[in-house]
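J.: With the hints as a guide, dock the two chains, each given alone in a separate frame, to form the complex.
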Amino acid sequence: MYHFNILYFDGKLSVTHQAILHLKPDHWIIQFTDQDSIEQIVRWEIDGIERDLGFNSLYIFRYGDFPKQTIECKDENLLVALKELYPGKPFFSKQINFLLSQNTTIITGLACALVGFIALAYFYILPWFAETVAENIPVSIETQMGETMYDNIITQYHKNDSLTRSVNDFVKEINFKTDYPVEVTVVKEDQMNAFALPGGHIVVFDKLLSKMKTKEELAALLAHEVAHVHYRHSLKSIFRSLSGYLLISLIFNDVNGIAAVLADNSNMLLNLSYSRKLEQDADEKAVEILQVNNLSLKGFADLFTLLKSESNDSKTLNLLSTHPLTDNRIKYAKDAAFHQRVVRNNDKLEEKWREIADQFK
Amino acid sequence: MEEKDLGQITFHGEGSKLFGIYIVNLLLTIFTLGLYYPWAKAALLQYVYQETEFEGSRFTFHGTGKEMFIGFIKAIGIFIVIYAFLILCILSKQPLIMSVGFLVTYAAFILLIPIAIHGSTKYRASRSSWRGIHFGYRGDRKEFLQEFIIGALITISTFGIYYFWFVVKIRKYIFRHLRFGSVSFSYNGGGTDYFRLNLKGYFLTFITLGIYFFWYVKDLFRFFVDNIQMEQNGEIVQFRSTTTAGGYFKLIFGNFFIVILTLGLGTPWATVRTINFIFSNILIEGKLDVNAIEQTEMDYRDATGEDISDMIDIGLV
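Residue numbers (the working numbering), protein chains in the order written: chain A, 1 to 361; chain B, 1 to 317.
Mixed in with the good hints there might be a few duds.
Calculated pairs, DSS-like style, for lysine-lysine (alpha carbon to alpha carbon, straight line, at most 25 angstroms) [claimed, not checked]:
hint, chain 1, residue 1, chain 2, residue 2
1, B, Lys66, A, Lys89
2, A, Lys298, A, Lys348
3, B, Lys200, B, Lys172
4, B, Lys287, B, Lys172
5, A, Lys74, B, Lys17
6, B, Lys66, A, Lys68
7, A, Lys159, A, Lys213
8, A, Lys12, B, Lys287
Chain A residues, not near chain B, derived (Cβ > 10 angstroms throughout) [what the hints assert, rightly or not]:
hint, residue
9, Leu7
10, Gly11
11, Ser14
12, Ile29
13, Gln40
14, Val42
15, Asp52
16, Tyr122
17, Glu189
18, Ser241
19, Lys331
20, Arg344
For each label pair, taking beta carbons as the anchor points, the in silico distance ranges come out as [what the hints assert, rightly or not]:
hint, chain 1, residue 1, chain 2, residue 2, range
21, A, Phe129, B, Tyr83, 18 to 28 angstroms
22, B, Ser16, A, Glu45, 17 to 27 angstroms
23, A, Lys83, B, Asn291, 26 to 36 angstroms
24, B, Arg138, A, Phe195, 55 to 65 angstroms
Please keep in mind that the hints were generated in silico from the structure rather than gathered at the bench.
Heads up, the beta-carbon is just placed ideally off N, CA and C, and yes, glycines get one too.
If we strip away everything but chain B, and leave its shape as in the complex, we get (with noise of 0.2 angstroms):
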């Protein structure tokens, strides 16, 4: 039985090696007119998974070009018919028809906010595994929905006062659904001190000209890492952010000399200074024991919810 106190995720990708991957899926993704590119964001999750290191061992992403080739084309599928949809109401030329179209089509975007995270979520969760063991997504599609357009519902009639509120909520609930075999999570953030941290990054980030916007990214990654949680047979284990306003510095302008002086060719070494970044300032604070996380979660491959997302370009959590 091995016990550590403090724990660290490294990350070990280069970024020329980033580079081939990048170059590679570009080029077929033009020349197969965009078909390939649920095989390209494969090889490069798959890549990014096994660079990543934990007690020794590296992460496994299992999703296949395949699967998520599946979801895209069912994604695209929704996007057609909602699209088609707006355009024939659009057509009819009558003001009535055409304002319930642009209605509808709202409403299916946003009700896809929700279908898109809880999909990719899921995807994401179980297609991911260290030491074989697979983490697990468990949140219920509807009642997550629910909360999530109860909780857009208050956000639009409170003027976006309760959007803290409500990104808190939305974050817990996923946390709450996350698990890592037998590991479970949780998120214990509060809204009003995303409001307050929010309140005040945005204020004095505009009174100081931007100069306080280090301090606030800061701050946000803090409130995002402090608060998670992982509970293994009743130990908790605690993560903590170590990230200084300084290290965002360097991190913002390196990457921007980076890709500008590139021309957008560095990407991948940026991309690799940001993982690198965020993982060398995550602590891992408690009793995890590393050789007793047990399998327990069952197989799913339905990479809809993963795709969906792509496409509404929302980053997850």
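If we strip away everything but chain A, and leave its shape as in the complex, we get (with noise of 0.2 angstroms):
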């Protein structure tokens, strides 16, 4: 019972030797006839033995020093011999291999556990996790990654140093409710588009200015960024996207580009509509902002409505993608205006704005 077919190799050379092994209590003998029909036994000590790991019916052994010698044995029952003579020996301690030889439908839950555990991580953990991190990032921190976003982005388009002055005094009259220095700089865009950086830099396109035929419309859009930059929305994008893309090209790590593509763009998908729900709560911050300094929120609504007149131009789908216009948010800015009760005009206010739109006469 305790004699097994085996192939032995020496380690020296990459001869195979049909062999026999006996087990014993404290050691193996291995025994065959060797190239030059001489009759070989080896001895193995059990505590220098070592099994390979193992995934199909090929059981592997080793043994001694480099170079180890090597028996391979497809007997089944071998197994059965060694868990009754040696129960103490560790052959069987690969509990993972074990686990992974034996059930499926271990394999299939765990498969299943992993599916829901990445879902769950994508969805909620991780965009948690990102909103958690972005939120605790220390101020000074957040301004200097808003300084050095800023110094980058700038230096692709051309500054008009007028109106970024006249602009800026115009902030000036108006009380953002926060604690973030705002800081517009105007630049030379044919495009009606404007961001905002963390740290509380803003930037507006020309053309957006051009076309803006009141205060509280130029008001409503800084409002609106100071928004953004109040509740750390670029930060909270930037963190977000990170974590989905990271985890996105951990899962598809060694998949052709195809697929990496393909995920990528999942990912974009997943991200705009955060950026939907960032734009609403911007909208809101925006709407109270106003309140607060008696302006009109007729100009939220007219601003919403000449930008929308922009989108509808092809040329502008980026403003689309990353500023979801919809019908709905002009009908939330018209609703807000509505029940709007105070409203006072601010002379300072329109003799700044004056300053501004004389400069496109």
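T.: If you want it as structure tokens, here you go:
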């Protein structure tokens, strides 16, 4: 019962020896006839024997110092015999691999758990984590990041110095209800757009300014962008898309390029819906800012109408994707304007607005 | 004494088994926050080797998670040092120090590539065996570094044209120093051929809107395989590729659909298909005496190169 047919390799030469393995209480005996027809006996002490991690029905054991001797056995009874003879010896300690070779239901279960976990991580855990990180970054680091981003971005544009000065004067007349310093830069660009960077930098394209008719529109735009700054929206988006991308590239690690592109785009879709939510938050905060300053919310609705007229233009699809402008948002602004109680005229702001508007005449 | 004229390596791996390994690996890697990664890699390699057969015997990968973990830690240490240096330079806000920082970082990364190739080839080879005989890589790190840096510099100064000669030279160096016991290897491709092949492949792929791509990869594979030689006691053994463009087409499209339709879960089956495809398309021609390969290598256990190469994501050879 304790004799098995095996293959024996001596570790010095690649020649295969058909051999017999005898299991003894404290050692193994390997017996074979070598190339020169000489009977050979090899003794393996139990303590020096190692078993290879096995995934198939081939059992491999090694022994000794380098170069190690090897035996291979296909007889499944060997395992039974080993269990009986050496119950204390950890020939079977490779739990994971044991589990792997045994149970398909466990594997299927694990696979389902994994898929579930990844989905959970992707839709809930990572976004939450990214948001928490973004929220807890010290203001000094945030400002520094914003500053670096601003320095990089602004070189791609032509700055309009006098408009920049005037708009910043305009900013000083409004209470934005935030601790962040608001710093506007107006650039020459033939598109209606504006964006905010972490820490307080806001970039406005001059085309958008030129199309505005009232100070309330500009105030609404600035309030909206300041809200992005205030809530750290760009930081949150960056962290979210980074974490999502990280997870996806982890899963699709070894997959070919096409799948990676697909995965990447699906991440973008999710981020887009997220950015719509951020826009909504910014709108709400902007309404609050305008109300505190007693500025008419009609300007807010006008701003959206203006932006919408532009987004019908096919060349600004970009704007559409990052600043989703739906009829809902116009309706929201109109409703807010309808319910607004206190509106006061602000002469000083009007004066600053004139200075800006005059530059387009 | 057994002599054969045509040999082939066969792969017996199964998608379902590999799937199990992937799942367990992924779960453990996630729950250990990545620390399990070296063990995951060891399990995967051990499985793939174990299911690879030549002349009735399976290959073995002896690398362990522990060895690769030590390498992993060292590799992380190296990256931390490099990044820390870069960040310090950036924080100084001095343009001069910042540019020095960037230059040093780039140089360090360029240096890491040959170190990683060398280290991981050496580690992989020494941890691979067949019938108890270990593979081995006897390249000299300094020599390899020198050759790599000179090649890289010429490549840069010729705007990339030399790249093809460079790749072939590196390949030649590696194969020349690769051993399988008493069997030695060599690579015979020429840079000019490689350049021509790529030029032709690139333009025809472009002109045919990508259709030629399958012939292009077939040619690349052939250039790689057909130029590999083994030598045993003066006997030359030649590798021969039998791939076709059609075969590549089936492989690539099949894998694409398997992966996409299963949202990535089918990746193990695609991997098995790929390995099967590669091995079933390599013929080994010549008289290799499979019973007379002698052990010649020493033990080697440093996996740092292996892990660096993982981190900078380079495919070997």
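J.: Against this structure, judge whether each hint is valid.
T.: A quick look at each hint next to the structure:
1. With a C-alpha separation of about 21 angstroms, the suggested pair Lys66/B and Lys89/A falls inside the 25 angstroms cut-off, and the hint holds.
2. Taking the CA atoms of Lys298/A and Lys348/A, the gap is near 19 angstroms; set against the 25 angstroms cutoff, the hint holds.
3. Our distance criterion of 25 angstroms between C-alpha atoms is met by Lys200/B and Lys172/B, whose separation comes to about 23 angstroms.
4. Note on Lys287/B and Lys172/B: the hinted pairing holds, with a Cα-Cα distance of about 23 angstroms set against a maximum of 25 angstroms.
5. The hinted pair formed by Lys74/A and Lys17/B meets the criterion: a straight-line CA distance of about 19 angstroms does not exceed 25 angstroms.
6. Among the hinted pairs, Lys66/B with Lys68/A is consistent with the structure: their alpha-carbon atoms are about 19 angstroms apart, no more than 25 angstroms.
7. Taken as a hint, the Lys159/A and Lys213/A pair is honoured in the structure, with Cα atoms around 22 angstroms apart against an allowance of 25 angstroms.
8. A distance of roughly 21 angstroms separates the Cα atoms of Lys12/A and Lys287/B; the hinted pair therefore holds under the 25 angstroms criterion.
9. For Leu7/A, the shortest C-beta to C-beta distance to chain B comes to about 8 angstroms, within the 10 angstroms cut-off, and the non-interface label is violated.
10. For Gly11/A, the non-interface assignment is contradicted: its Cβ lies about 5 angstroms from the closest Cβ of chain B, within the 10 angstroms cut-off.
11. A beta-carbon of chain B is positioned within 10 angstroms of the beta-carbon of Ser14/A; the least distance is around 4 angstroms.
12. Annotated as non-interface, Ile29/A keeps its C-beta farther than 10 angstroms from every C-beta of chain B; the closest such distance is 19 angstroms.
13. The claim that Gln40/A lies off the interface holds: its Cβ sits roughly 15 angstroms from the closest Cβ of chain B, which is beyond the 10 angstroms cut-off.
14. The non-interface label for Val42/A is consistent with chain B: the shortest C-beta to C-beta separation is roughly 13 angstroms, beyond 10 angstroms.
15. Not every Cβ of chain B is farther than 10 angstroms from the Cβ of Asp52/A; the closest lies at roughly 7 angstroms, contradicting the non-interface assignment.
16. The Cβ of Tyr122/A lies farther than 10 angstroms from every Cβ of chain B, with a closest approach of about 12 angstroms, so its non-interface assignment holds.
17. Listed as outside the interface, Glu189/A is consistent with that label: its C-beta sits roughly 29 angstroms from the nearest C-beta of chain B, beyond the 10 angstroms cut-off.
18. Every Cβ of chain B is farther than 10 angstroms from the Cβ of Ser241/A; the closest lies at roughly 19 angstroms, confirming the non-interface assignment.
19. Under the 10 angstroms C-beta cut-off, the non-interface status given to Lys331/A relative to chain B holds; the minimum distance is some 38 angstroms.
20. The beta carbon of Arg344/A sits about 46 angstroms from the closest Cβ of chain B, which is more than 10 angstroms, so the claim that it is off the interface holds.
21. Checked against the hint of 18 to 28 angstroms, the C-beta distance between Phe129/A and Tyr83/B comes to roughly 22 angstroms, which is consistent with it.
22. Separation of Ser16/B from Glu45/A is about 38 angstroms and departs from the stated range, judged on CB atoms against 17 to 27 angstroms.
23. The given range of 26 to 36 angstroms is respected by Lys83/A and Asn291/B, whose C-beta atoms sit roughly 34 angstroms from each other.
24. Taking 55 to 65 angstroms as the suggested C-beta distance range, the pair Arg138/B and Phe195/A conforms, at roughly 58 angstroms.
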